[in-house]
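Asker: Okay, here's what each chain looks like letter by letter:
2 protein chains.
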Amino acid sequence: MSDPKFTIGEMCEMFDVTPRTLRFYEAKELLAPERVGQKRLFTKSDRARLKLILQGKRFGFSLEEIRQLLNLYYLGDQQTTQLTQTYQLGRERLAAMESQRDELNNAIEDLREQLLWGEKVLADRGVKLAAE
Amino acid sequence: MSDPKFTIGEMCEMFDVTPRTLRFYEAKELLAPERVGQKRLFTKSDRARLKLILQGKRFGFSLEEIRQLLNLYYLGDQQTTQLTQTYQLGRERLAAMESQRDELNNAIEDLREQLLWGEKVLADRGVKLAAE
DNA sequence: TGATTGATTGACGTTAACGTAAGGCATCCC
DNA sequence: GGGATGCCTTACGTTAACGTCAATCAATCA
Chain A
18 MSDPKFTIGE MCEMFDVTPR TLRFYEAKEL LAPERVGQKR LFTKSDRARL KLILQGKRFG
78 FSLEEIRQLL NLYYLGDQQT TQLTQTYQLG RERLAAMESQ RDELNNAIED LREQLLWGEK
138 VLADRGVKLA AE
Chain B
18 MSDPKFTIGE MCEMFDVTPR TLRFYEAKEL LAPERVGQKR LFTKSDRARL KLILQGKRFG
78 FSLEEIRQLL NLYYLGDQQT TQLTQTYQLG RERLAAMESQ RDELNNAIED LREQLLWGEK
138 VLADRGVKLA AE
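If you read the protein sequences in the order shown, they are chains A and B. Just so we're aligned, residue 18 is where the first sequence starts under my numbering, counting upward by one. Just so we're aligned, residue 18 is where the second sequence starts under my numbering, counting upward by one.
Quick caveat, the hints were computed from the structure, so don't treat them as lab data. Be aware that one or more of the hints could be misleading.
Where chains are identical, the list cannot tell them apart; a pair therefore holds if satisfied intra-copy or between any two copies.
With a cut-off of at most 27 Å between alpha-carbon atoms, the simulated DSSO-like pairs for lysine-lysine come out as follows [what the hints assert, rightly or not]:
hint, residue 1, residue 2
1, 145, 74
2, 22, 145
3, 145, 45
4, 56, 22
5, 137, 68
6, 68, 56
7, 74, 22
8, 22, 45
9, 145, 56
10, 45, 74
11, 22, 137
12, 137, 61
13, 45, 137
14, 68, 22
15, 56, 137
16, 145, 68
17, 145, 61
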């Protein structure tokens with residue numbers, strides 16, 4: 018049993034996106050589904066890429082940034098020069114993501130403190146919050 | 018020495034943004050600089066808010082989402098009902114940020130592995146990378 | 001005092017990331 | 001065989017987040 022392939026509708030349901038979105042990503046060369054006649058068939062590779070795309074979006078990356086990073090996950094038959102660039106780009110993005118995580122942790126800490134303040138203020142006003 | 022206040026130009030240099038951006042944020046009610054005649058003067062509060070705004074943007078939040086969260090950091094004289102809503106919103110955002118951080122950590126791990134793969138492939142091709 | 005510098009308010013332009021509507025194949029079901 | 005369904009392409013519309021003029025005003029500097 019080779020890996021199953023999915024229609025655009027099935028993909029949309031799986032990942033909670035619209036057909037327009039998938040076609041748009043294909044136009045932007047983030048996806049490259051197979052074709053049977055006119056119809057698209059999304060392979061395992063497409064699913065993996067889409068997952069990475071949606072993940073990247075949640076981190077605030079643009080589609081163009083994501084597109085470049087995606088090559089890193091398919092290092093197959095790139096030329097050495099290009100591969101080296103892809104690798105370097107990956108290192109930069111890794112650094113960016115790590116610093117973003119650190120910044121995020123700080124922001125989380127700050128927000129926690131603010132929430133404690135909020136709880137205090139509300140308690141003083143006699144408001145009872147749902148127990149956590 | 019009360020807290021210093023800055024012109025729009027000074028703010029732009031400090032935070033590496035354009036005047037248009039600051040005026041835009043004011044129009045969207047994310048900032049509320051004082052006025053001396055026509056000119057804006059950005060206070061300590063504005064600087065703190067701007068910092069939060071830029072941070073939020075890096076996390077992928079929209080300006081509207083950020084605007085709502087900002088109220089949490091200025092809990093002063095809100096009505097109790099509204100304060101409670103602000104607080105609840107803060108809790109939701111906290112949860113979102115925490116899960117984003119977790120997701121980010123996973124993505125970082127994956128990316129690290131891919132980079133190791135890349136190093137291996139490049140090494141096999143005889144490419145020497147700059148020592149880290 | 002006249003020119004430069006830095007600020008202001010419109011108002012229209014731009015880019016990213018899709019949404020939405022129109023019109024047209026192909027297949028399946030009764 | 002004629003809807004219904006699901007897909008396709010083409011193309012214009014939309015929203016967020018600013019960019020980019022243009023015209024104006026106020027202070028400052030030579």
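Asker: It remains to establish, for every hint, whether it holds in the given structure.
Answerer: A quick look at each hint next to the structure:
Taking the closest pair of Cα atoms, residue 145 and residue 74 never come within 27 Å of each other, the shortest separation being 37 Å inside a single copy and 33 Å across copies. In the homo-oligomer, the alpha carbons of residue 22 and residue 145 never lie at most 27 Å apart, since the shortest distance is 52 Å inside one protomer and 39 Å across protomers. Taking the closest pair of Cα atoms, residue 145 and residue 45 never come within 27 Å of each other, the shortest separation being 51 Å inside a single copy and 33 Å across copies. Proximity of residue 56 and residue 22 under a CA criterion of 27 Å is satisfied intra-copy only: 12 Å inside one chain copy versus 61 Å between copies.
Proximity of residue 137 to residue 68 under the C-alpha cut-off of 27 Å is restricted to the inter-copy arrangement: shortest distance 25 Å between copies versus 41 Å within a copy. For the homomeric pair residue 68 and residue 56, the shortest alpha-carbon distance inside one copy (21 Å) is at most 27 Å, but the shortest distance between copies (48 Å) is not. Taking the shortest Cα distances, residue 74 and residue 22 sit within 27 Å of each other inside one copy (24 Å), while across copies they are farther apart (37 Å). Proximity of residue 22 to residue 45 under the C-alpha cut-off of 27 Å is restricted to the intra-copy arrangement: shortest distance 21 Å within a copy versus 45 Å between copies.
In the homo-oligomer, the alpha carbons of residue 145 and residue 56 never lie at most 27 Å apart, since the shortest distance is 56 Å inside one protomer and 44 Å across protomers. For the homomeric pair residue 45 and residue 74, the shortest alpha-carbon distances inside one copy (15 Å) and between copies (24 Å) are both at most 27 Å. For the homomeric pair residue 22 and residue 137, neither the shortest alpha-carbon distance inside one copy (54 Å) nor that between copies (31 Å) is at most 27 Å. In this assembly of identical chains, residue 137 and residue 61 lie within 27 Å of each other by CA distance solely across copies; the values are 24 Å between and 50 Å within a copy.
For the homomeric pair residue 45 and residue 137, neither the shortest alpha-carbon distance inside one copy (50 Å) nor that between copies (30 Å) is at most 27 Å. In this assembly of identical chains, residue 68 and residue 22 lie within 27 Å of each other by CA distance solely inside one copy; the values are 15 Å within and 46 Å between copies. In the homo-oligomer, the alpha carbons of residue 56 and residue 137 never lie at most 27 Å apart, since the shortest distance is 58 Å inside one protomer and 38 Å across protomers. With identical chains, the CA atoms of residue 145 and residue 68 are never at most 27 Å apart, being 41 Å at best within one copy and 32 Å at best between copies.
For a Cα distance limit of 27 Å, the shortest separation of residue 145 from residue 61 qualifies neither inside one copy, at 49 Å, nor across copies, at 33 Å.
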